[in-house]
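Asker: Heads up: the sequence lines are chains A and B, in that order. Numbering-wise (UniProt numbering), the first sequence opens with residue 1 and increments by one. Numbering-wise (UniProt numbering), the second sequence opens with residue 1 and increments by one.
By construction, these hints were calculated from the structure, which means they are not laboratory data. Heads up, a few of these hints could be off.
[What the hints assert, rightly or not] Stretches of chain A that chain B covers, calculated by requiring three or more beta carbons in the stretch to come under 8 angstroms of a beta carbon on chain B:
#, region
1, 128 to 135
2, 149 to 162
3, 191 to 204
4, 292 to 298
5, 312 to 324
6, 395 to 407
[Unchecked claim] Simulated DEER-style distance windows between Cβ atoms:
#, chain 1, residue 1, chain 2, residue 2, range
7, A, L120, B, K36, 32 to 40 angstroms
8, A, L243, B, N63, 53 to 61 angstroms
9, B, S23, A, Q56, 48 to 56 angstroms
Given the structure is predicted, the values throughout are model-derived calculations rather than measurements. For each residue, glycine too, the CB sits at the ideal point set by N, CA and C.
As a plain string of letters, each chain reads:
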Amino acid sequence: MSNFQELIKNFSKTREYVRDFFVYGFKTRNEFMDKSPRTYDNERRRLESWLGPFVQKDYVSGGFNISLAIDSNLLDFNPLFRVWKTKSFTDNDIVLHFLILDLLQDGRSLTAEEITDCLLTEYEAFFDIQTVRRKCNAYQKEGLLNKEKKGKTVLFFLDNTLARWLKSNETVMDALAFYQMAGCFGVIGNEILEQLEQSNRSFRVKHSFFVHTLEDEILLALFDAMNRRFTVELEIKSSKKGLVNTANCTPLQIFVSSRSGRRFLCGYVSKSKRFTCFRLDTIKHAVSLEPSPEYEDLQNKLERNRRQLWGVSFQGTERHHLDVLTMTLQVEEPGELYIVDRLKREGRGGDVTRIAENTWQYRREAFDCNEMLPWIRTFTGRILSLECTAKSVEQRFYHDLQTMYQMYQIGEHTNGTVF
Amino acid sequence: MELFSEIYSCYYQVLRHLLTCQSALTIDEIRSQICKEGFEESLLAIIPKLENGSWNLFEKNHNLYLSKINSGFLTPLSSLQKAYLKALLSDPRMSLFLDQEQFESLGDMLNSVEPLWRQEQIYYYDRFTDGDPYTDETYRNHFRTLLSAQKHRQYVDLDYNSPSGTRVHHYYAPARLEYSVKNDKFRLLALKQVKNGRMRLEILNIARIQKVCLTDKYFTSQIDLNALIQDSYYKEPLQLHIINKRNALERAMLHFANYKKNTRKIGENTYECLIYYNQAMETELLIEVLSFGPMLKVIGNDRFLASLKNRLKKQMGMMPPKP
């Protein structure tokens, strides 16, 4: 392990490891089948180095499990943001970063040649002009420096107005403290806060799913394509079988589940002439291809289709265009009317009707009623009937219920007691 | 615009702090700072670079390292960070923090910047529809008062309507403001003084607060909020067996990722998962477990198992199994 480096060049391999350790956290060294033992050892060592306080080791037969024990209820930050701060760099990168930015702090505009001279005279640091120019251009591209042309002369300068304004506005810092926990690309908010010497000590987030930050690089590429209205090519690794394939689509919207934190790209696949959702954590790469001439039409079409969507599936198992699910519930009035509130609040626009005293009905059309079953099951103990035009959905519901009765021995005689 | 870039790296952050120190540093002070802010093995990578001069950022004077950088050094914001801020300006919750003048100032400074994303590009398909009223003036005032009190450790005099309809009027010390993505609501994690000077943690919906006033009383004692939260966890975790069919293992692992949990393989296709939870969350957790149907089997604790069986018994009474 003499070549071990704490920092890394490429995020994608690490992304998979961190996800495996965090999400599963029960795999021993031998169970990382498709990785070499040496790779596993290096990745594990890096993970321990980056996330030390959150790494938990449990000894089991055949080795020990490494997992990330992160209780989001107890944290003011997402520990996995640290994984984004591990990019490797050269000696020149770090030295030029501090010296060039320090030199230009006072707002003066200098050419690459002048900067090179000043680095030598003011900091005793010798660099060739090409290296300095390349860094200045790279920083101009990143937005850290501005560039202006005066005749044939190219000048670089730095504008810190925004950073100073943010630092002096406490409520903006509060907003960043909140959004780094709760919003999209929280890692960026977290980095701005750190840069301005602030941290979050005011906000917590319930239902926070820290692991999904690992998909942010993919999300960035997708938003870029969506903002430019480009089609994309996606490289997708199936989560079930691990097979890799590619898909081309017009990216239209990001669908997010607030219950699992899962995020999906909803795109239009011209080949199959269908809207399809791709899980972000299965997308390995996303590359912009070409402008999509029908972008606005597709957006409108998606908007109309969304009314019949329950989750992320545009087609049910029985290939009907639309199915209807009707559930009748027993709700003791008035004490249990909070159940009716739940139907309205969580039922995604379904019709809620009182059909008799203490009896309420919920009805909704959906492309794929199968997706509704997890939510339907949360009303277990109150369901008087369930009907669906997709018979397989109905059958699955009753079959699963039957299995649960057996699993918990409900209705069986045990020791003379009827459950 | 790169998200994974060295300009955001932990090493740059550590170096910035070392370089903006007002005084010269000994190598031990440098080591201590790296240990505090860096990764566990950062010391091994950074110290040699400083000692051999590869990172020519300090002047060495005997045993002291003197920064070549001005202490007022401020890193400018990158295009990515500006685009992020621009996107936040359209978020409805932003008005809880910024006043009109701040909106305008920030908007002006980001005038030429395209937002990283737009609100309509994100769709929360399963979010509850009765989120908090972020544009309501009273709600905003309550939010700001509570945030100010939390930051200054100040007690508030609070008038509250509980979900059961009871009116509560009490002094509380705000400990944190908690946001729920699923409910799109803020709650207040509040400390309330009970007998013997002890503090109890209570959770209040901010939208249900009728009136809140700052008091001139400050909260001076040190309370470990996380210890209070952990104390509220039920003594025995929920013990589940996951049968890995229909991708249930991955779904369950992601679904319960926000709980403290422990998982191990116990059979060819079966896994055991222990979930630690707060008693107040029990009904919510029960509903989540039920949503998985027979893919999850509750083994314990006894109380949770009894609640689950009770629901199934009720269900069977309403809809007996088909013969």
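Asker: Each hint needs a verdict: does it hold in this structure or not?
Answerer: So, going through the hints one by one against the coordinates:
Using a Cβ-Cβ cut-off of 8 angstroms, 0 residues of the region 128 to 135 of chain A lie near chain B, which falls short of the minimum of three, so the contact claim is violated. As drawn, the region 149 to 162 of chain A meets chain B at 5 residues by the rule of a beta-carbon pair under 8 angstroms; at three or more, the given contact holds. Judged by the Cβ-Cβ criterion of 8 angstroms, the region 191 to 204 of chain A is covered by chain B as claimed, because 8 of its residues qualify and three suffice. Coverage of the region 292 to 298 of chain A by chain B is violated. Counting CB-CB distances below 8 angstroms, 0 residues qualify, and the rule asks for three or more.
Look at the region 312 to 324 of chain A against chain B: 1 of its residues bring a Cβ nearer than 8 angstroms to a Cβ of that chain, fewer than three, so the hint is violated. Coverage of the region 395 to 407 of chain A by chain B holds in this model, with 8 residues showing a Cβ closer than 8 angstroms to a Cβ of that chain against a need of three. Roughly 34 angstroms separates the CB atoms of L120/A and K36/B, a value that falls within the hinted 32 to 40 angstroms. At about 59 angstroms, the beta-carbon gap between L243/A and N63/B stays in the expected band of 53 to 61 angstroms.
A beta carbon spacing of about 40 angstroms between S23/B and Q56/A contradicts the range 48 to 56 angstroms that was offered as a hint.
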